[in-house]
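Q: Listed here are the chains, written in short residue letters.
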Amino acid sequence: MHPAQLTFGFAPYRLSGTVYGVLLNHAPALAALGDAVNAAPYKAPPKAPVLYLKPRNTLAGPGSTCAVPPDVPALQVGASLGAVIGRTACRVAERDALQCVAGCAIVDDLSVPHDSFYRPSVRFKARDGSCVIGAVVGRERLRDPGALAVRIFVDGELVQRTDTGERIRPLARLIADVSEFMTLAPGDILLLGTAAGAPTARAGQTIAIEIDGLGRLEHALVAAGEPAHARATEPHA
Amino acid sequence: MKRARVAYAGAIHEAAPHDRGLRLADGRIVAEEAVVWLAPFEVGTIIALGLNYADHAKELSFGKQEEPLVFLKGPGSVIGHRGQTRRPSDATFMHYECELAVVIGAPGRHIRKADAMAHVAGYTVANDYAIRDYLENWYRPNARVKNRDGGTVLGPWFVDAADVATPVQLNLRTLVNGRETQRGNTRDLVHDIPSLIEYLSGFMTLNPGDVILTGTPEGVVNVNAGDEVVTEIDGIGRLVNFIVDDATFGR
Chain A
42 MHPAQLTFGF APYRLSGTVY GVLLNHAPAL AALGDAVNAA PYKAPPKAPV LYLKPRNTLA
102 GPGSTCAVPP DVPALQVGAS LGAVIGRTAC RVAERDALQC VAGCAIVDDL SVPHDSFYRP
162 SVRFKARDGS CVIGAVVGRE RLRDPGALAV RIFVDGELVQ RTDTGERIRP LARLIADVSE
222 FMTLAPGDIL LLGTAAGAPT ARAGQTIAIE IDGLGRLEHA LVAAGEPAHA RATEPHA
Chain B
23 MKRARVAYAG AIHEAAPHDR GLRLADGRIV AEEAVVWLAP FEVGTIIALG LNYADHAKEL
83 SFGKQEEPLV FLKGPGSVIG HRGQTRRPSD ATFMHYECEL AVVIGAPGRH IRKADAMAHV
143 AGYTVANDYA IRDYLENWYR PNARVKNRDG GTVLGPWFVD AADVATPVQL NLRTLVNGRE
203 TQRGNTRDLV HDIPSLIEYL SGFMTLNPGD VILTGTPEGV VNVNAGDEVV TEIDGIGRLV
263 NFIVDDATFG R
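Residue numbers (the working numbering), protein chains in the order written: chain A, 42 to 278; chain B, 23 to 273.
Quick caveat, the hints were computed from the structure, so don't treat them as lab data. All C-beta atoms in this analysis are idealised placements derived from N, C-alpha and C, irrespective of residue type, glycine included. Be careful, since some hints might not be right.
To be verified - One side of the interface only, derived from the structure: several residues of chain A facing chain B at Cβ under 8 Å:
no. : residue
1   : Ala80
2   : Pro82
3   : Pro110
4   : Phe222
Said to hold, decoys possible - Stretch-level coverage of chain A by chain B, calculated; a stretch enters the list once three of its residues show a Cβ under 8 Å from a Cβ in chain B:
no. : segment
5   : 61-71
6   : 96-104
7   : 149-163
8   : 166-173
Bound conformation, chain B alone (with noise of 0.2 Å):
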């Protein structure tokens, strides 16, 4: 099943695929562009990859990580399908990364790689923009590059994890004003999804709503203000962002 959360005439729903839009818990039928999409699941820690899909790290010009290079978003950085996200003025180099995003859902920890996709709940599509900017040699990624508000695009749907037979062979893309700038498929990834949640769940307790960003292959391009960014993962959505100026801020 494909769920959403909606906010809708004065409170937020849990919705379902429809192909008028969506149907509401309750039965009304809104059209995609009427509701406000939040993250479709209760965001726990946001746990990020880098450099997982082999030549993305070719292209940032980094070899094998043995272990993964993982860093943590916040849950300020969180915004739904078809958010509005700032690109800030001074910037000259903002790329979205599509990347497959696991739900955990029974908690654990010192998980073994055999018993892991028994703790997926689900998946989702997520957007993890970076501003390259600002990177600095500190803490990388810091946090002023991936930490942003609006940085974390989640959705559409949670898809539950039975519904998704094969989450090592899924066709990824990202399309900014409809031009397909990059392309991948989750059986690149460095490191598969057993293995980050054995490897993560052996120092920290993984609980549910946790999410782990599995990571983007190469193709990540800049993106400019008035730019519809579609990042899409087949079977599991097409995500939807809109980039914005800073005088949308009043900035």
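Next up, chain A with everything else stripped away, as it sits in the complex (with noise of 0.2 Å):
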């Protein structure tokens, strides 16, 4: 991501570059598990908030290009809502949480598609330019950010229409929980999680997702091995 791309005009007026995911958020993904959330290999359903973290070799702003690996047929999307961290978040409480929140910004998080989620390889979720981020709208800008339309198109064509709610832990919880054990810090994005049904789009498909109040993130997939857009490979200062 280039380095402009990080900054934005409100505290804290920078993105750390430090991305986190949580998995299973989504009710309905959770709930379409069924019962193999309690046989092996997962035992239990999980308990704490199931994170990942988007390394900083996969940080690609709008219009960014992402390559496809010549083994896999196609790129799931993985629409979020990003919370910005605008204070450091250490032990906060759940109401005092979203004051932590300095903005949001649409985010996707591409992933090979995996169907275990026991111990999946690192490589499905830290490729190459596979978290695109978009602008940054400032909180008070929002509505409840758990309550926010999501639509996402693939080529032009409406293929999901989903929105923020149903979360097993919502905005503010998240934090919460995750702060409990891990400090997040001004510039930090914490995901609110994918919704279940999430599309998925092959090399040279182009993918818009909008989120009522953030806007319209605009990107696109290539196969491997062509030149890639500069912005979507470049590492971040």
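Join these two chains into a complex; the hints should help.
A: Structure follows, in structure tokens:
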């Protein structure tokens, strides 16, 4: 991601480059696993938030391209609201948590599709350019972050309508439960999580994600080996 | 050369070893305990290996993995030499992991094994703590086990790659309150450093400051509040950490 894409016009003025995603925070997504959650290898439904890091090589901005590896037919679109932390969040109470949020952005957390959530390979989620981040919008300009419509388009066609609701941990609760054991720093992004039924897209296709109040994020997929857009693979400073 | 990054008298300094402690870049000689030790380099992505010593895999009842078992740790978990790491009161099994940390210098992707060592800037010691009580079977090892504040201890020195002739034959050990509890040698890595660099750079660009924690051998034991945990690697350094209780943090 180009250094200029990391900055925005209000405190904390700059993304830190640290992005945490959360798995299975959408209640229907967890419910879809049914009784498998109680069987091996999981043996019980998740108790703590299921977190993962999108490392800095994944960060990309609007208009970027992400390379699809040759052995994979499509990437899964991971449309999520991303909360930008504005104040250091350590052991934050749920009732105070939204005050730690400076703003939000549309994020596409692209992944190689995988069926097992036990110990998936890091290469499913850590590919270059696979965390596309849109413009950061100040929190005061948003209605309830848990009640925003989401629309996902592939090659211009609307392929999914969903929303930021039905989260097992709404944003405030998520921040509280995460910050109980790991401090979130200003500029960090914490994703609210992707809804069930996420679509996939193939090399050569364009993706657009709209979240009410956060605008529209456009980006594209290319085949690995094709010259990628410079901004997709440049390491951020 | 070995260098540290320390805070002293209002500024952050680069420092070199000295008989009486450290020599700051500006010439001042200070004692080891007189400074705050930070991670000795600007940390990028932290890439940790699980089950990368054959004996440790047996200890935790896993068979040999073909693909390296890699997980990522966040920057918020980093703490330097002589820091405090919290042991929650409800934990029954919190353990250290002494690891050789390999720091990337020249960036690259699709790096072949034969070229991999040219991308290593240097080394430091890591202690990759885990609290097993919180282990869940979702995206293992889960963040509450491995991504805690103070869970990634790095230091004391950044050692230039040129000064480590044989990264593949380094003795490592852990001592808890002066008693050795873990011992191994980097020759026992399942996936060696060039293999790891080739594997990782195949799907993710490795950038300067990215660091690979190459795994730990058998001998991880529980540590308690009040313990001094020393993880050391011959020629790289002796990294000290203090385990403290919840009350230290007003919890």
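Q: If a hint holds in the structure, say so; if it doesn't, say that too.
A: Hints, verified against the model:
1. Because the beta carbon of Ala80/A sits about 10 Å from the nearest beta carbon in chain B, more than 8 Å, this interface hint is broken.
2. A least Cβ separation of about 5 Å between Pro82/A and chain B falls short of the 8 Å threshold, and the interface hint therefore holds.
3. Look at Pro110/A: its Cβ gets to within about 7 Å of chain B, closer than 8 Å, so that hint holds up.
4. At about 5 Å, the closest approach between the beta carbon of Phe222/A and any beta carbon in chain B falls short of 8 Å, and the interface hint on this residue holds.
5. For a cut-off of 8 Å, the count of residues in the segment 61-71 of chain A with a CB near a CB of chain B stands at 3, and the three-residue condition holds.
6. Only when three residues or more bring their CB closer than 8 Å to a CB of chain B does the claim for the segment 96-104 of chain A stand; here the count is 4, and the claim holds.
7. With 6 residues carrying a beta carbon less than 8 Å from a beta carbon of chain B, the segment 149-163 of chain A meets the three-residue requirement, and the given coverage holds.
8. Check on the segment 166-173 of chain A: 3 of its residues sit with their Cβ under 8 Å from a Cβ of chain B, so the three-residue criterion for coverage holds.
In the structure shown, a violation is registered for the earlier hint numbered 1 alone.
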